[in-house]
Amino acid sequence: MMLIKNGLIVDPSQGLHEVQDIFVADGMIQKIGKDLVVEGAEIVDASGMIVMPGAVDMHVHLREPGDEHKETILTGVQAAIHGGFTSVACMPNTNPVADHEAVIESIMFKASKYGLADVYPIAAITKNLAGEEITEMGLLKRTGAVAFSDDGKTVQHTGVLRRAMDYSKMANALLISHCEDKELLGSGVMNEGIVSTELGLAGIPNEVEDLIIARDLAMAKLTGCRVHIAHVSTAGGVELVAKAKADGVKVTAETTPHHLLLTDEAVRGYDTNTKVNPPLRKEEDRLAVFEGLKKGIIDCVATDHAPHAQQEKEVEYAYAANGVVGLETAVPLIWTNFVKKGLLNEEEFVTIMSRRPAEILQIDKGTLQAGKMADILILNPDQEKTVEPQKFYSKGKNTPFGGMKLTGWPEMVIKAGKMVYRDEKLV
Amino acid sequence: MAIAKKDLLSLSDLSVDEIQEIFAVAREMKTVIAGEDKKHPVLRGRSVINLFYENSTRTRSSFEIAGKYLGADVVNISASSSSVTKGESLKDTAKTIDRLAPDVIIMRHGASGAHEVLAQNVKARVINAGDGAHQHPTQALLDMFTITEKKGSLEGLKIAIVGDILHSRVARSDVWGFRALGADVTLCAPPTLMPSHAADLGVTVTYDMNEAVKDADVIVMLRIQLERQKAGMFPSVREYAAFYCLTEERLALAKPDCLVMHPGPINRGIEISGEIADGVQSVIDEQVENGLAVRMALLSMMGGYQNDVN
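Chains as they are written, first to last, in our numbering: chain A, 1 to 427; chain B, 1001 to 1310.
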């Protein structure tokens, strides 16, 4: 039994924004109210803290099975808890690919042993991510796949995509689309613009992303399937999603902390921790993406946590692996840069970091309502700490945010009623 | 005078004053090269490593001879083009080579920005002899030096750079250097071989070669890599030559004393007519000689005892 006292509870799922107490027992939230007294309950002092539902990251790469040198399910869920995420959805680009029940079961089984973050596997749309034959979506969903995506492989053939979208309705499945026209991408490694021109690096125009967003939205309209646009990075992408939503297409969208905070200017100096896919764009795109998030056109923040080994990043820019880690920095990055600056309020913060992703995945998370699993993030709104990649639980240290001073770090994390993180370490 | 920055990765690592000083020293080096005893051993006891990940005859031999005339020990290392999957990483190669205690490492590499990886892992000073489509600072220095010798200065000159700008590190270094010394630069290429944001470099961009060379004081022709045609960047060599070859008719549009330059090696009859390459306005051969003088100047300023940084 646990009694969380005097925290500022922010829970948009029940319109709550008030200093109250939370009583937790049997892994569940039992009661929220003022000045609760429970005999024998452990008291958790949350004075001055923000108490919110555990953050939900609907786009991570846990790398296991297959690429355990980059990350394992264990290090991934440790990183998640360290960063305030109590639920994560992991992409299927493992080896073997998560295109079969056995892989989904194995991921879920391993994750369940650790009692840290809940792991919701995303299964592949096509077998072996080859973009040809659709997977057994019905069986996969029944086994536990929370969504379907070919992620970075992007289904290139529109005919195959149409079949997948049509078929997905049988299982009421969510398709997550990483939008990228591979042919137009060519050998591009960064945003196309004056920076790529000066650095002599092959550029990626916004249209690589926008064309496929437009295609996928048109196909979602045709088929009526549910589609979620991953990591929107362009102004054009935001506009397309806004229009589709207005047209009644069942679409949701995410963006990432790095696309909200960095532009292609960060690539000067060839730091490979700025190499991500989609690439860091221009300032006007960054502003449009934030505007889209603020207006709810973009529903949520997802990290696209993409751990890589040091040797996969400490190479020439064109040869470096794409991606940055995000689980252990996203919460304080968004807090510091948007909430602290008054650009987002606390409700909006909890909505984009927890509530909306849970709703999109249709998982019973992102809420502190009585009767729900007690996944709780207690966040310290003011204490400043420096991003120290060497202290990450993730095997991946590939972040462009190292050395940055941030506030809004997790103070305590409670998972299923158990204190799993406090005093800067996992319990 | 020494060079302030440890490494020369991009031409913009040099100040205009440093560039002028390099030119002054290069003039002295030209008399050394012209003399009977070419040894000018200011780098005796110093070592220079030429690390080349791409084939190069003129740049590599130019640096090698420059180092030898200055009395340094020069070692050439030819590495097969690096790839992530095979062979040693650049980081490990860098760390290994650095333990051989070179004073200067000169590298050419096919990947833009590769020199950042090298420079972060060595104590030696690094000179960029070309990285991908990014920079080739010593080529720009020798181009600027050659123009300065012939024209007095670059101030107010109209300079056209014609050819595969998209993939050209020479063009990127030239643009910065020419503009820093006061020239107006026009870039000309078929649109598929022009960077998307070239105009933002502070130059005039045109796809029409006649317009580019009109009233030019200097024309810099770039080599067209024939593989670009196979990659579909332009339809045929015949069509390329029809629109972007420096012919007598096109050269006649430039100023009568217009200099014709080319970093070499040239494709005769494709980007430049053989007659022009051999003609009176061509300074292509002098570029090679000046390249040696400029590299001797640079090495003496970056590799000598009196010029240590740190």
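Calculated from the structure, these hints are not laboratory results.
Treat the hints with care, as some may be off.
[As the list claims (entries may be wrong)] DSS-like cross-link-like pairs, simulated, lysine-lysine; straight-line CA separation at most 25 Å:
1) Lys113(A) / Lys385(A)
2) Lys182(A) / Lys141(A)
3) Lys182(A) / Lys1006(B)
4) Lys1030(B) / Lys1151(B)
5) Lys341(A) / Lys385(A)
6) Lys1151(B) / Lys397(A)
7) Lys1091(B) / Lys397(A)
8) Lys110(A) / Lys341(A)
9) Lys1095(B) / Lys1151(B)
10) Lys221(A) / Lys153(A)
11) Lys1123(B) / Lys1068(B)
12) Lys1091(B) / Lys391(A)
Query raised in the report: Can the restraint linking Lys1030(B) and Lys1151(B) be considered satisfied, given a maximum Cα separation of 25 Å?
Result: Judged against 25 Å, a Cα distance of about 18 Å means the pair holds.
Query raised in the report: If you draw a straight line from the CA of Lys182(A) to the CA of Lys1006(B), is it 25 Å or shorter?
Result: Status violated; Cα separation ~40 Å.
Query - Restraint status (C-alpha distance of Lys1095(B) to Lys1151(B) at most 25 Å) - result: With a Cα-Cα distance of about 44 Å, the restraint between Lys1095(B) and Lys1151(B) is violated, given a limit of 25 Å.
Query raised in the report: Are the Cα positions of Lys110(A) and Lys341(A) separated by 25 Å at most?
Result: The hint is violated at about 40 Å.
Query raised in the report: Hey, Lys1091(B) versus Lys397(A), does the alpha-carbon distance stay inside 25 Å?
Result: 18 Å, holds
Requested in this report: Would you mind confirming whether the straight-line C-alpha gap from Lys1091(B) to Lys391(A) stays at or under 25 Å?
Outcome: Judged against 25 Å, a Cα distance of about 24 Å means the pair holds.
Requested in this report: Would you check the hint for Lys113(A) and Lys385(A), treating anything up to 25 Å between C-alpha atoms as holding?
Outcome: With a Cα-Cα distance of about 31 Å, the restraint between Lys113(A) and Lys385(A) is violated, given a limit of 25 Å.
Query - Restraint status (C-alpha distance of Lys1123(B) to Lys1068(B) at most 25 Å) - result: 22 Å, holds
Query raised in the report: Is the hinted pair Lys221(A) and Lys153(A) satisfied, with a Cα-Cα distance of at most 25 Å?
Result: 22 Å, holds
**Report entry** Given pair status - Lys385(A), Lys341(A), alpha carbons within 25 Å
**Finding:** Roughly 17 Å between the alpha carbons, so the hint for Lys341(A) and Lys385(A) holds.
Report task. Given the hint that Lys182(A) pairs with Lys141(A), test it: the Cα-Cα distance must not exceed 25 Å. Result -> 28 Å, violated
Query raised in the report: CA of Lys1151(B) to CA of Lys397(A), is that 25 Å or under?
Result: 53 Å, violated
Figure legend: structure checked against the earlier numbered hints; hints not met, in rising order: 1, 2, 3, 6, 8 and 9.
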